[in-house]
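Chemist: Residue numbers (the working numbering), protein chains in the order written: chain A, 1 to 618; chain B, 1 to 195.
Please keep in mind that the hints were generated in silico from the structure rather than gathered at the bench.
Treat the hints with care, as some may be off.
Here are the simulated lysine-lysine pairs, DSS-like style, with alpha carbons at most 25 angstroms apart [to be verified]: (1) K43(A) <-> K20(B); (2) K235(A) <-> K597(A); (3) K43(A) <-> K553(A); (4) K235(A) <-> K20(B); (5) K341(A) <-> K614(A); (6) K556(A) <-> K481(A); (7) K556(A) <-> K10(A); (8) K20(B) <-> K584(A); (9) K527(A) <-> K512(A).
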Amino acid sequence: MATTTQEVSKHQIDQLIEEYGYDDHFHEHHHEGDKYQSGFIQKYIFSQDHKMIARQFLITGMIWGILGGLMSLIFRLQLGFPEENMAWLKPLLGKWIIINDGVGTLDPEFYYALVTIHGTVIVFFVLTAGLSGTFSNLLIPLQIGARDMASPFLNMLSYWFFFLASVVMFVSLFLSTGPFAGGWVAYPPLSALPEASSGSGAGMTLWLISLVLFVVSVLLGGINYITTVLNLRTKGMNMWRLPLTIWSFFITAIIGLLSFPVAAAGFFLLMFDRMLGTSFYLNEIFINGHALDRVGGSPILYQHLFWFLGHPEVYIIILPAMGLVSEVMSTHARKPIFGYKAMVYSIASIGFLSFLVWAHHMYVAGINPFIANFFIIFTLIIAVPSAVKVFNWITTIYGSSYRFNAASMFAVGFVSMFISGGLTGIFLGNAVLDIPLHDTYFVVAHFHVVMGVAAFFGMFAGIYHWYPKMFGRFMDESLGKLHFWGTLIGAYAVFIPMHYIGMAGVARRYYKFDSFDAFSHFAGINKFITIAAIVTFVFQLIFVINFFYSIWKGRKMTSRNPWGSTTLEWTTPIHAGHGNWPGKLPAVQRWPYDYTKNGRDFIPQIEPQSEAEKDEFH
Amino acid sequence: MVTTIKNTEADSAARLFQAKRFALWIGIAGMMMVFTSLTSAYIVRKAAGNWLEFKLPDIFFYNALLAMASSVVLQASYAAFKRGKFALYKSLLALTLLMGVAFLVGQYAGWMQLTDMGIFLQGNPSGSFVFVLSGLHALHLLVGLTSLSVALFQALSLPDRLTERRKFRFGLTLTFWHFLTFLWVYLMALWMYLA
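Bound conformation, chain B alone (with noise of 0.2 angstroms):
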C-alpha cells in the first residue's frame, strides 16, 4: 500500500524523485526547443514563396486520435496501478505499447503516401519539412517505446507491489508519453493552421 513519507531518509528519497521529475520537464523543454525552431523555420520558409501545396494524408489525422487515445489508456493505467489492480494495470501498459507500435506503422503508412503523391524527402522543402518533423517525432517516439517495454517487462516479473520508487519511474515513462501525443497533436495542428 502507499507508505507515508514521516522519515527524513524517506524525504531525502522522495526529494530526488521530484529532482528527478523536474529533471524531465527541463528535457522536455529542450526537446521542444528543437521543433520550436523548426517550426519558426517552416513558417519563415513558407512566407517567402516557391512553396509546394499538398494535402497531407489522412492516416496522420487518424494518428493524432490514436495518440491522444494511448494517452488517456496509458494515464488509465497508471490510476490502476496505485489503486492497486494490477491486472488492470499490466493488460492497459500492454495495450498502450500495442497502440504506439500501430501508430509507428501508421506513420510509416502515411510516408509512403506521400512518396505515391510524388512528395519526397527531396524536392520543395515543404515536402522535406513534413518529413523530418514527423520523422524526427518517430524519432522521440522510439524512446517512449522503449520506456513503456521496459515498464511493460517490469510490470510482468516484478511481484505485484506498489512502491514509491515504482510510481515514480511510471509517472516519468507516463510524462513522456503524454509529451509525445501532444507534440503530435500539436503538428498536426501547426499544419491544418497553415494549410
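The following block holds chain A by itself, in its conformation from the complex (with noise of 0.2 angstroms):
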C-alpha cells in the first residue's frame, strides 16, 4: 500500500470536525450501550447498525457465490465431459446421479435445475443483495454524513427477508422432485403447471416464495437507500458533492422501486395460476396427452412482467458496480474523476432507459417486429451513455500514476469487462442478429461477461478498498493480485470461447450433443471452458481464504484514512461505533474528487474551501 505524504492527520480530522461540524445532539440519547450494541444477539445477529447489516449481507452473498460457482462447475463438467464418469459425485448429489453399468450420468432433470438455480442465485442473491444491499448499506451514511439509515428497523427487516429467501431457496434444493428446472426467468407454462416437469411442483412453489420474499427485501432496503440520501445529508452535502458512488446507489434503488414491484406483480399472477386455477399466463395447452381446460391466458403477459424487472435488473447488477469503480479508480489514481456530471448524467440517463427496453429479451418470443424497431433503437441508445463512462474512466487513469494494489486493478478489470460485453450488447441488440444468435453460446457469453464478471470485478474492487473499513483490517495484496490476475485470465479464458462457438451456432439450454452430428467437433472448446472455469473457481477460494483469514488476522489498520481519500467514511474513528462519528457530524466543505489540488496530494471533503477555490466552479 502506498502512503500519502501528506496525510491529513487523526488530530486534524477530529479539529475540523470540531471546528466546523454539526452538532445533531446525538449522544445526549439514550443510544450508547442500547439497543444497538449491547447483546451479542444485537450486535450480531439483529443488528440495526448499518454497518453490521452490510457485512451481514456481504457474507451471505459470499455463501450464495460459492454455492452458485460450484452449481455451475457440476453442470460444465456435463458440457465439457459428457462421456466421464461421474459416479464420483454421487455421494453429493446422490440420486441425482444415475448409475448403469458402473457408470455414474448427471440426471437431465438436475442438469436443468442446476442451470436454473445458478442464474437465480448469482443474479438475486449475490449480485443484487451481495453487491447493491452490502454497499449501499455500508457506504451511503458513511458517505453522506449521516448516523445511520432512515429507519434502521427496516433495514434490519431488509436483511432478514433476504435471509429467508435465502432459506426458502436452500431447502428447494433438498426436495426429492427436485429444485425449479424450468430457467431463471421462470416462463410458463414450465413454471405454472406443476405437472409440467418434476421441477415445477414443489421446488417451483418454494422458489416463487423465496422471490416474493427477496421482493420484499429489495424494496424495504431501497425505500431506505432513496430516503436516506435525500433527507439526511449533512450539513453543506448538496446533491453535487455527492461522491459517484452514492449517486449510483441512489438511481440503483429508484430502479429497483420501479421495477421490483412489476415483478411481483407478475409473480403474484403466476401463483394463482399455480395454485388457483386462474389462467392469466395458460392457454389451450396439452399435457400428457390431454388438453387443459385453462384457456384465455397469454404466456408472453408473464414475459412482458419479468422482463419489466429483468432488464432493469442488470443495471441494479451493474450500477453500483459503476458507482464503486469509479470512487476506487479516482482515489488510486490521484486524480479527479473525469466529468463528474457527466458520470451522473450517464447513471441517471443508463436508470432511465432501462425502462424502455425490456422487450429486447423478447425478440424470438413471437413480439410484433414493428415494435420490435422501438426497442431495438432504445438498446442501442443506452450505448451512448455507457461510452461516456467508459471514455471518463479511461481518462481518469489516463497520465496518471495509477496506484496498482488489489482494488485497483479491478476496476480496471472491470472496465475491460464492460467495454468486452458491452460491445457483443450492440450485436445482440438488434433483432436481425439477435434472432439466430438467440438460442446459442453467444447470449451466455455476452451477458456473462458484461453483467456477471463485470459486476463481480466491481465487488471485489469494493471490497478490497473499504475491506479495512469494515472489518479494521487489510487483506493480503499479493493474494489479491494473484486473484485479480486468475480470474481476469480465466473469466477470458471461459467466455471467449464461448462467444465462438456460439456464433459457430452451438445452442445453449442443451444437456448433451450426442443426437446430432452438427457440433461435434466443438467437444475440445467445451473441454477447454470447463477447465478454465474450474481454475477460475479455484482462485476465487483464494480470495475466500484471504476473506475470512483477513477478518482476525489481517494486517491492522493503523490510520483512518489508508488510502488517502477525500470521502467521509475515512473520518470516523477505525472500529466506529453506531452513530460512526463519536462527537458532531462532519460538515462537507467541497466535492469529493480534490485530488491533486494546489500542490496536495488530496484535500479531504471536511476542509473548507480557500477564498481562490470559492470562485470556482465546484
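Dock the two chains into a complex; use the hints.
Modeler: Written as C-alpha cells, this is what we have:
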C-alpha cells in the first residue's frame, strides 16, 4: 500500500469536524450501550446498525456465490466431459447421479435445475443483495454523513427477508422432486403447471416464495436508501457533492423500487395460475396427451412483466459496480474523476433508458417486429451513456501515476470486461442478429461478461478497497493480486471461446449434443471452457480464504485514511460505533474529488475552501 | 400544546420524521407500481379479445363512496387531534375503523355477488382480474386497518396529550388511508372507463 505524504492526521480530522461540524445532539440520547450494541444478539444477529447489516449482506452473498459457482462447475463438467463417469459425485448429489453399468451420469432434470438455481442465486442473491445490499448499507450513511439509515429497523428487516428468501431457496435444493428447473426467468407454462416437470412442483413453489420474500427485502432496502440519500445528508452535502458511489446506489434504488413491484405482480399472477386455477398465462395446452381446460391467458404477458424487472435488474447489478469503480479509480489514480457531472447524467440516463428496452429479451418470443424496432433503438441508445462512462474512466487513469493494488486492478479489470461485454451487446440489441444468435452460447457469453464477471470485478474492487472500513484490517495484497490475474485470465479463457462456439451456432440449454453430429467438433473447446472455469473457481477460493483469514489475522489498520481518500467514511474512528462519529457530524465543504490539487495530494471533503477556490466551479 | 422547534435536538427529530414520511411516500410509489403494471396487463389482455364482459356489482360503487367518506372522517379526526379536541378525535377515529371494516364486508358481499353471477376467480381472465385487483386492494386495506387499530388503541390508552411524535404517527396513518381510498376510486374509475 502506498502511503500518502501529506496525509491529514487524525488530530486534524477531529479538529475540522469539531470546528465546522454539525451538532445533532446525537450522543445526548440513550444511544450508547442501547439496543444497537448491547448484547451479542443485538450486535451481531438482529443488528440495526448499517455497518453490521452491510457485513451480513456481504457474507450471505459470498456463501451463495460459492454455492452458485459450484453449481456451474457441475453442469460445466457435464458439458465438457459428457462421457466421463460422474459416479464420484454420488455422495454429494445422491439420486441425481444415475449409475448404469458402473458409469454415473448426471440426471438431465437436475442439470436444468442446476442451471436455473445458478442463474437465480447469482443474479438476485449475490449480485443484487451481496453487491448493492452490502455497499449501499455500508457507504450511504458513511459517505453522506448520516448517523444511520432513515429507518434502521426496516433496514434490519430488509436483511432478514433476504435471509428467509435464502433459506427457502436452500431448502428447495433438497426436495425429492428437485428444485425448479425451468430457467431463472421462470417462464410459464413450465413454471405455471406443477405437473409440467418434476421441478415445477414443490421446487417452483419454494422458488416463488423465495423470490417474493426477496422482492420485499429489496423494496425495504431501497425505500431506506432513497429516503436516506434525499433527507439525511449532512450540512453542506448537496447533491453535486455526492460521491459517484452514492449517485449510483441512489439511482439503483429508484430503479429497484419501480421495477421489482412489477415482477412481484407477475409472480402474484403466476401463483394464482399455479394454485387457484386461473388462466392468466395459460392457453390451450396439452399435457400428457390431454387438453387442459385453461384458456384465455397469454404466456407472453408473463414475459413482459418479468422483463420489465429483468432488464432494469441488469442495471441494478451493474450501476453499483460502476459507482464503486469510479470511486476506487479516482482515489488510486490520485486524480479527480473525469467528467463528474457527465458521470451523474450517464447514470441517470441509463436508469431511465433501462425501462424502455425490456422487450429486447423477447425478439424470438413472437413479438411484433415493428414494436421490436422501438426496443432496438432504445437499446442501442444505452450505448451512448455507457460509452461516456467508459471514456471517463479511461481518461481518469490516463496519464496518472496509478497505484496498482488489488482494488485498483479490479477496477481496471471491470472496465475491460464492461467494454468486451458491451460490444457484443450492440450485436444482440439488433433483432436481426439476435434472432439467429439468441439461443446460442453467444448470448450466454455476452451477459456473463457484461453483467456477471464485470459486476464481480466491481464488487471485488469495492471489497478490497473498503475492507479496512468494514473490518479494521487489510486483506493480503499479494493474494489479492494473484486473485485478480487468475480471475481476469480465467474469465476471458472461459468466455472468449464461448462467444466463438455461439457464433458457430452451438445451442444453449442443451444437456448433451449426442443426438446429432453438427457440433461434435466443438467438444475440445467445451473441454477447454470447463477446465478454465474450474481454474477460475479455484482462484475465487484464494479470495475467500484471504477474506476470512484477514478478518482475524489481517494487517491492522493503523491510520484512519489509508488510501488518502477525500470522502467522509475515512474520517470516522477505525472502529466506529453506532452513530459513526463520536461527536459532531462532519460538515462538507467541497466536492469529493479534490486529488492532486494546489500542490497537495488530496483535500478531504471536510476542509473549508480557500477564498481562491470559492470562485471556482465546485 | 404544539411544541415549536427551537433547538437543534428537536430539529434532528423533525428531520427524521420528515425522512420517514418521505419513506412512506416512496413505499406508496412502489405499491402503485404493482397496480400500474396490473392495469397495463389488464388493458393489453382486454384488447387481445376473447374477453367476457359483465357488469360489476353495485356494492363496489357504493364502497367507493364509503371509502371517500372514511377519508374525510379520518381527516376530520386528525384536525380535531391537532386542535386538542380529544373526545371528537377518538370518536372519529373509531368511526373510520368501523367504516373500514364495513368496506371490507361490502367487498366480500361484492365477491359473493360475482360468483352468483357465474363470474369466478377461474375462467375468463376478465373475471380473474377483478378478483385479483380487488383482492390485492383488500390485502393493502388489512394493513390500513391494522394501523388504524393501533392508532385507536393508543388514542384510548395514552393520556390526552398532543406531541410531535403522535402527530407524526397519525400523519402516516392518514396518508396511507387516503392512499387506500385513492386506490379503490382509481380501480373503479378504470373499470368504468374501460366498460
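Chemist: Now look at each hint and say whether the structure bears it out.
Modeler: Okay, the hints, checked on the actual structure:
| no. | hint | verdict |
| --- | --- | --- |
| 1 | K43(A) <-> K20(B) | holds (24 angstroms) |
| 2 | K235(A) <-> K597(A) | holds (23 angstroms) |
| 3 | K43(A) <-> K553(A) | holds (21 angstroms) |
| 4 | K235(A) <-> K20(B) | holds (19 angstroms) |
| 5 | K341(A) <-> K614(A) | holds (19 angstroms) |
| 6 | K556(A) <-> K481(A) | holds (19 angstroms) |
| 7 | K556(A) <-> K10(A) | holds (16 angstroms) |
| 8 | K20(B) <-> K584(A) | holds (22 angstroms) |
| 9 | K527(A) <-> K512(A) | holds (13 angstroms) |
In summary, this structure violates none of the numbered hints.
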